[in-house]
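**Q** Each chain is listed here by its residues.
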Amino acid sequence: MDGCRFKMNLTAILTRCKEGDALAWEALVRQFQGRIYGMALHYTGNAEDARDLAQEVFIRIYQNLETCDPDIFLPWIIRIARNACIDHLRRRKARSQGQGVDPEELANLPGRGSTPEQDWQASARKRLIHRALEELTGLNREIIILKEIQGLQLEEIATLLGVPLGTVKSRSNRARIELAQKVLALTHE
Amino acid sequence: MNCREFEDRIDMLATGTGAGAETQALSRHAAVCGRCRRLLMAVRGLTEPLAPSLQNQLIRAVMDRTTGPACAGAQELLCDWLDHRADADSNELIALHLRHCPACSNLAATLMELGEVLPELASIEPGPDFTASVLRATVCVHPRRPSRRSAAPALAACWNRIIRRPRFVWEAAYVGTLAVLLLLGNPAIRTSTFALPQVVARNGDQVLQWTGAALSGRQMAAHQSLSRLEERGKSLFGTVADLPRRTTASLRQKASTLIEEWKMALQDEAPRDLR
Chain U
1 MDGCRFKMNL TAILTRCKEG DALAWEALVR QFQGRIYGMA LHYTGNAEDA
51 RDLAQEVFIR IYQNLETCDP DIFLPWIIRI ARNACIDHLR RRKARSQGQG
101 VDPEELANLP GRGSTPEQDW QASARKRLIH RALEELTGLN REIIILKEIQ
151 GLQLEEIATL LGVPLGTVKS RSNRARIELA QKVLALTHE
Chain X
1001 MNCREFEDRI DMLATGTGAG AETQALSRHA AVCGRCRRLL MAVRGLTEPL
1051 APSLQNQLIR AVMDRTTGPA CAGAQELLCD WLDHRADADS NELIALHLRH
1101 CPACSNLAAT LMELGEVLPE LASIEPGPDF TASVLRATVC VHPRRPSRRS
1151 AAPALAACWN RIIRRPRFVW EAAYVGTLAV LLLLGNPAIR TSTFALPQVV
1201 ARNGDQVLQW TGAALSGRQM AAHQSLSRLE ERGKSLFGTV ADLPRRTTAS
1251 LRQKASTLIE EWKMALQDEA PRDLR
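Top line first, the protein sequences correspond to chains U and X. FYI, my numbering numbers position 105 of the first sequence as 105, with every residue one higher than the one before it. FYI, my numbering numbers position 252 of the second sequence as 1252, with every residue one higher than the one before it.
Derived from the structure by calculation, the hints contain no laboratory data. None of these values were measured; they are calculated from a predicted model. Ideal placement from N, C-alpha and C gives every residue a C-beta, glycine not left out. Hints are not guaranteed to be accurate.
[As the list claims (entries may be wrong)] Residues from chain X that keep clear of chain U, each with C-beta distances beyond 10 Å, as calculated:
(1) H1029
(2) R1044
(3) P1069
(4) E1125
(5) A1152
(6) K1263
[Claimed, not checked] Distance ranges between label pairs, derived from CB positions:
(7) D1064(X) <-> N83(U): 31 to 37 Å
(8) D119(U) <-> R1099(X): 29 to 35 Å
(9) R60(U) <-> W1159(X): 16 to 22 Å
(10) W1159(X) <-> T11(U): 22 to 28 Å
(11) R1035(X) <-> E135(U): 56 to 62 Å
(12) W1159(X) <-> T15(U): 38 to 44 Å
(13) G151(U) <-> A1137(X): 54 to 60 Å
(14) N1106(X) <-> R60(U): 20 to 26 Å
(15) L165(U) <-> Q1055(X): 21 to 27 Å
(16) D1083(X) <-> A94(U): 22 to 28 Å
(17) N1160(X) <-> I86(U): 20 to 26 Å
(18) T67(U) <-> E1125(X): 26 to 32 Å
(19) N1160(X) <-> T115(U): 45 to 51 Å
[Unchecked claim] Covered, in the sense of this in silico footprint (three residues per stretch, anywhere, with C-beta under 8 Å from a C-beta of chain U), are these stretches of chain X:
(20) 1001-1013
(21) 1127-1136
(22) 1169-1178
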């Protein structure tokens, strides 16, 4: 992922993207594809759906590049991704498809150990955390995804979810506690 | 001094508030009576503490019969404690609770681990061919996108945004009404002008008197203006008589036309007000 990061100013990249520069657009996609795909995977729990959704999100971003503000680019793309994921989940609910974490995809979650064994253990731990995340209630899961994983500010989350800031603050702590309890429960299984 | 008297006055010895002789008597009794000596050490807080297991049992029993377990309160503050947002007193209380509560201690450790691992889940690589598929898809969206931005797409986008607004229909209706009023006039003003004959019909005699007076005044003014104009015209023709013949003939013709137009205008002036 780090190899895909550009050192140019995001504003400059966006300006070039708005002018139709395909090279800049490719760099932008490479920069944010992991984040968008990761977010879609957290929401859907299905690798194939997540890939399709991530592609759809990038098309929406491309179509609306003229309206984006470089200062709030990350919250903006996260908002687009979240809306796409919510739409997708609604459609899937209407089709009554089961929701579950894709074990194959979660097996690819990167570890961070120095040896293969440590790497495998770290990866297993991430899979377990992902499973615990899937078990959270709707709003708590969203707050964890947006705040703890994507790193949005509480004010941005409140705007995005359309709930009062106080609710997000109190829910944020509760969601973390709930996730930790789920992780502990899964660890002892 | 017996043990009963010692128990009654032990607070003086513990706090050092007794008189000298009394304190000496209490001390002498404590030196010879082992039970009272142990009691004095307990009161001074010098006895050995309870075993940890007994302490926990005691605390649990007391909490169960009073406020209930403190874990819920600790968990409410745990995130703030981890994020260094809790105040100093809360920090100390939580640290003390965690030292003696294995469940909350495990929870705190898991929360710390989540704080490190969750940000790493933000980005997951979708695979090597993903970028290419996105680029293919976006090229399909705009196959002939210009390399440099021109004004036409921006204007088209602006127009699209305007017509999609919910108020657009009302604004268009307002602008259309204004255009009709400007081009065709205000029908309300015309209605008030046409209403004049009805007023005349209702108050016929009085209106006729007013109209007659107004007309006679206008006619007199018109005749005076005409006389003055004729005099000026004559003086003008007199002064220009010496000019070359073709020029004076042309000037005279123009002046005659002008005077005739003035006459018609002045004659029409009074009736026009009543139209």
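**Q** Between T67(U) and E1125(X), does the beta-carbon spacing fit 26 to 32 Å?
**A** The hinted range 26 to 32 Å holds for T67(U) and E1125(X), with Cβ atoms some 28 Å apart.
**Q** Does the Cβ-Cβ separation between R1035(X) and E135(U) fall within 56 to 62 Å?
**A** Since the Cβ atoms of R1035(X) and E135(U) sit about 60 Å apart, the hinted range of 56 to 62 Å holds.
**Q** Does the claim that R1044(X) lies outside the interface with chain U hold up, using a Cβ gap greater than 10 Å?
**A** 43 Å, holds
**Q** Is it the case that P1069(X) keeps its Cβ farther than 10 Å from each residue Cβ in chain U?
**A** 15 Å, holds
**Q** Between the region 1001-1013 of chain X and chain U, are there enough contacts, at least three residues with CB-CB distance under 8 Å, for the coverage claim to hold?
**A** violated (count 0)
**Q** Could you tell me whether the CB distance from N1160(X) to T115(U) stays inside 45 to 51 Å?
**A** 57 Å, violated
**Q** Look at the Cβ atoms of G151(U) and A1137(X) and judge whether their distance stays inside 54 to 60 Å.
**A** At 27 Å between Cβs, range violated.
**Q** Given that the region 1169-1178 of chain X was listed as covered by chain U, double-check it with a C-beta distance under 8 Å for 3 or more residues.
**A** That given contact is violated, which follows from only 0 residues of the region 1169-1178 of chain X lying within Cβ reach (below 8 Å) of chain U.
**Q** Between W1159(X) and T15(U), does the beta-carbon spacing fit 38 to 44 Å?
**A** Hint violated: Cβ distance 23 Å, outside 38 to 44 Å.
**Q** Can you tell me whether the CB distance of D1083(X) to A94(U) sits inside 22 to 28 Å?
**A** Violated - the Cβ-Cβ distance for D1083(X) and A94(U), about 40 Å, lies outside 22 to 28 Å.
**Q** For A1152(X), is the shortest beta carbon distance to chain U beyond 10 Å?
**A** 13 Å, holds
**Q** Per the hint of 31 to 37 Å, is the separation of the Cβ atoms of D1064(X) and N83(U) within bounds?
**A** 49 Å, violated
Violation of the numbered hints given earlier is confined to hints 4, 7, 12, 13, 14, 15, 16, 19, 20, 22; the remaining hints are satisfied by the structure.
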